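Colleague: Next come the chains, spelled out residue by residue.
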Amino acid sequence: MPNLKEVRNRITSVGSTMQITSAMKMVSAAKLKRAQDAITQMRPYANKLTSILQNLSSSLDTSENKYARATEGNHVLLIVISSNRGLAGGFNANVIKKTWGLIKNEYNNSPNVSVLCIGKKADDAFKRTEHRIHGTDLPHQLNDLLDKLNFDNVAPIAEKIMQAFVTKQFHKVYLVYNQFKNAAVQVPVVEPFLPVDASKAATQGSPADYIFEPNKEYIVNELIPKSLKVQFYKALLDSVAAEHGARMTAMHKATDNAKDMLRTLKISYNKARQAAITNEILEIVGGAEALNN
Amino acid sequence: MQVEIITPDKKLFEGEAKSLTVPGSEGSLGILNNHAPMIASLKQGKVKVSTASETKNFEIKGGVIEVLKNKVVVLAE
Chain A
8 MPNLKEVRNR ITSVGSTMQI TSAMKMVSAA KLKRAQDAIT QMRPYANKLT SILQNLSSSL
68 DTSENKYARA TEGNHVLLIV ISSNRGLAGG FNANVIKKTW GLIKNEYNNS PNVSVLCIGK
128 KADDAFKRTE HRIHGTDLPH QLNDLLDKLN FDNVAPIAEK IMQAFVTKQF HKVYLVYNQF
188 KNAAVQVPVV EPFLPVDASK AATQGSPADY IFEPNKEYIV NELIPKSLKV QFYKALLDSV
248 AAEHGARMTA MHKATDNAKD MLRTLKISYN KARQAAITNE ILEIVGGAEA LNN
Chain B
31 MQVEIITPDK KLFEGEAKSL TVPGSEGSLG ILNNHAPMIA SLKQGKVKVS TASETKNFEI
91 KGGVIEVLKN KVVVLAE
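First to last, the sequence lines map onto chains A and B. Just add 7 to the spot in the first sequence (first one is 1) and you have our numbering. Just add 30 to the spot in the second sequence (first one is 1) and you have our numbering.
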């Protein structure tokens, strides 16, 4: 039979853990709401940009654009988006596993694969490997980016990555991140970033006879980098929303588990207390009995 | 005409306007009601929207504008 005091201590500690996990769940729920709002805010911009770009490239060959041109070489850059904080279930582990799988299966551990980490968790996993990005003018990690995420901060980074592609430091660039499906489901995905796939742009002809100012080529060349920046920003927003979703689910489960534990502990506490009382009565009765004889 | 000014972070303006002035990459462009369909790229500068009651100014770093059937969309940065 467990000792009364021991059980009481465990009940207090499980109770306070439960308070923490349920508070973290509330915080994540609020942050998830904000992250989802940011995605919704960006959607009209992204949609309009894509539709204009499709409109233009259906009548114009974009495959010779400097961002669309496939170059010879096998230097690959993987941009891995994780989070700065843990306690989010499998969120970080999944994206790191996905990256390792890609390095092993697609590239046979080739040292030509570089990894640029956004978020401390992925950085911790890759910083002591030969894959950590080096020998370029790109930063080694971008952990601060996640703390103040807005388009003005993201755009210069995207520009730097695009510049590294144009100067042929890398021949292919992929984004590895958790895609946000809903609050409970995150899917780790690998998305090609550069070179731009020009073939997907082919759609039906333009609905109106537009005037182009100054001309089509100029506008397309302006728009392609813009849409790349938007794609990069969208991946980051998606990952942040997925992070909060994952943390919310993980904390919800932790709270439920704590509740279960508390219930069984209460039962064993009551049993121990009842046993102690029964024991005491037995002793008193036994003592009285002894006095009577 | 219906005018929308959107950035990746938020919607800056949405509503009816009488006229719109944007910094086109080859000079300032003025847009009034019933403008022909147009797509133009924009450079850094000021977007001026005149509604029935007031005039609003927005600073942009660049972008693109689409005009189609009295609906104007400014994608700004």
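Be aware that a few hints might be false.
[To be verified] Short derived list, chain B residues pointing at chain A, Cβ under 10 Å:
(1) Glu46
(2) Thr51
(3) Gly54
(4) Leu62
(5) Leu72
(6) Glu89
(7) Ile90
(8) Lys91
(9) Val97
[Stated by the list, open to error] Straight-line alpha carbon distances no greater than 20 Å define the calculated PhoX-like cross-link-like pairs of lysine-lysine that follow:
(10) Lys55(A) / Lys41(B)
(11) Lys73(B) / Lys55(A)
(12) Lys223(A) / Lys73(A)
(13) Lys260(A) / Lys241(A)
(14) Lys55(A) / Lys179(A)
(15) Lys40(A) / Lys41(B)
(16) Lys99(B) / Lys55(A)
(17) Lys155(A) / Lys40(B)
(18) Lys223(A) / Lys155(A)
(19) Lys48(B) / Lys78(B)
(20) Lys73(A) / Lys134(A)
(21) Lys40(A) / Lys241(A)
(22) Lys86(B) / Lys260(A)
(23) Lys40(B) / Lys76(B)
(24) Lys40(A) / Lys167(A)
(25) Lys48(B) / Lys91(B)
(26) Lys38(A) / Lys188(A)
(27) Lys73(B) / Lys99(B)
(28) Lys223(A) / Lys41(B)
(29) Lys266(A) / Lys32(A)
(30) Lys241(A) / Lys38(A)
(31) Lys32(A) / Lys260(A)
(32) Lys55(A) / Lys40(B)
(33) Lys167(A) / Lys91(B)
(34) Lys105(A) / Lys134(A)
(35) Lys40(B) / Lys91(B)
(36) Lys99(B) / Lys40(B)
(37) Lys76(B) / Lys127(A)
(38) Lys101(B) / Lys41(B)
(39) Lys40(B) / Lys40(A)
(40) Lys127(A) / Lys104(A)
Since the hints were made in silico from the structure, they are not lab data. Remember, predicted model here, so these are calculated numbers, not experimental data. Just so you know, even glycine gets a beta-carbon here, dropped at the ideal spot from N, CA and C.
Colleague: State for each hint whether it applies.
Modeller: For each hint, the structure was consulted:
Taken as an interface hint, Glu46(B) does not check out: its beta carbon lies about 18 Å from the nearest beta carbon of chain A, beyond 10 Å. The beta carbon of Thr51(B) comes no nearer than 14 Å to any beta carbon in chain A, farther than 10 Å, and the hint placing it at the interface is violated. Because the closest C-beta pair between Gly54(B) and chain A is about 6 Å apart, less than 10 Å, the hint holds. Given hint, Leu62(B) at the interface with chain A, is violated; its Cβ is 15 Å from that chain's nearest Cβ, farther than 10 Å.
Taking 10 Å as the C-beta cut-off, the interface hint given for Leu72(B) holds, the closest approach to chain A being about 9 Å. At about 12 Å, the closest approach between the beta carbon of Glu89(B) and any beta carbon in chain A exceeds 10 Å, and the interface hint on this residue is violated. Evaluation of the Ile90(B) hint against chain A yields a violated restraint, the C-beta minimum of about 12 Å exceeding 10 Å. Because the smallest distance between the Cβ of Lys91(B) and any Cβ of chain A comes to about 9 Å, under 10 Å, the interface hint for this residue holds.
The beta carbon of Val97(B) comes within 8 Å of a beta carbon in chain A, closer than 10 Å, and the hint placing it at the interface holds. Between Lys55(A) and Lys41(B) the alpha-carbon distance is near 13 Å, which keeps this suggested pair within the 20 Å criterion. About 18 Å separates the Cα atoms of Lys73(B) and Lys55(A), which keeps this hinted pair within 20 Å; it holds. Between Lys223(A) and Lys73(A) the CA atoms are separated by roughly 16 Å; this keeps the pair inside 20 Å, and the hint holds.
Taken as a hint, the Lys260(A) and Lys241(A) pair is broken in the structure, with Cα atoms around 29 Å apart against an allowance of 20 Å. A C-alpha spacing of about 27 Å is found between Lys55(A) and Lys179(A), which places the hinted pair above 20 Å, so the restraint is violated. Restraint check for Lys40(A) and Lys41(B): satisfied, since their Cα atoms lie roughly 18 Å apart, inside the 20 Å limit. With a C-alpha separation of about 15 Å, the suggested pair Lys99(B) and Lys55(A) falls inside the 20 Å cut-off, and the hint holds.
Distance check on the hinted pair: Lys155(A) and Lys40(B) sit about 16 Å apart at the alpha-carbon level, within 20 Å; holds. Annotation: proposed proximity of Lys223(A) to Lys155(A) is violated, straight-line Cα distance about 36 Å (limit 20 Å). Between Lys48(B) and Lys78(B), the direct Cα distance comes to roughly 11 Å. Compliance with the 20 Å bound is thereby established for this hinted pair. A hinted pair counts as satisfied when its Cα atoms are at most 20 Å apart, and Lys73(A) with Lys134(A) does not qualify at roughly 31 Å.
Among the hinted pairs, Lys40(A) with Lys241(A) is consistent with the structure: their alpha-carbon atoms are about 16 Å apart, no more than 20 Å. Note on Lys86(B) and Lys260(A): the hinted pairing is violated, with a Cα-Cα distance of about 50 Å set against a maximum of 20 Å. The straight-line distance between the Cα atoms of Lys40(B) and Lys76(B) is roughly 17 Å, inside the 20 Å bound, and the hint therefore holds. Between the alpha carbons of Lys40(A) and Lys167(A) the distance comes to roughly 30 Å, so the proposed pair goes past 20 Å and is violated.
Simply put, Lys48(B) and Lys91(B) have alpha-carbon atoms about 24 Å apart, too far for the 20 Å limit, and the pair is violated. Between Lys38(A) and Lys188(A) the CA atoms are separated by roughly 16 Å; this keeps the pair inside 20 Å, and the hint holds. In summary, the hint linking Lys73(B) to Lys99(B) is not supported, as the alpha carbons are separated by about 24 Å, beyond the 20 Å threshold. Distance hint between Lys223(A) and Lys41(B) is unfulfilled; the C-alpha atoms sit about 26 Å from each other, more than 20 Å.
For the proposed pair Lys266(A) and Lys32(A), the alpha carbon gap of about 15 Å is at most 20 Å, so the pair holds. The straight-line distance between the Cα atoms of Lys241(A) and Lys38(A) is roughly 17 Å, inside the 20 Å bound, and the hint therefore holds. With a C-alpha separation of about 10 Å, the suggested pairing of Lys32(A) with Lys260(A) holds against the 20 Å cut-off. Distance restraint check for Lys55(A) and Lys40(B): the Cα-Cα separation of roughly 14 Å lies within the 20 Å cut-off, and the hinted pair is therefore satisfied.
Proposed proximity of Lys167(A) and Lys91(B) is supported: the alpha carbons are some 18 Å apart, at most 20 Å. Proposed proximity of Lys105(A) and Lys134(A) is supported: the alpha carbons are some 17 Å apart, at most 20 Å. Simply put, Lys40(B) and Lys91(B) have alpha-carbon atoms about 15 Å apart, close enough for the 20 Å limit, and the pair holds. Restraint check: the Cα-Cα separation between Lys99(B) and Lys40(B) comes to about 24 Å, which exceeds 20 Å; the hinted pair is violated.
In summary, the hint linking Lys76(B) to Lys127(A) is not supported, as the alpha carbons are separated by about 39 Å, beyond the 20 Å threshold. Distance hint between Lys101(B) and Lys41(B) is fulfilled; the C-alpha atoms sit about 15 Å from each other, no more than 20 Å. Taking the CA atoms of Lys40(B) and Lys40(A), the gap is about 16 Å. The hint holds against a cut of 20 Å. Taking the CA atoms of Lys127(A) and Lys104(A), the gap is about 15 Å. The hint holds against a cut of 20 Å.
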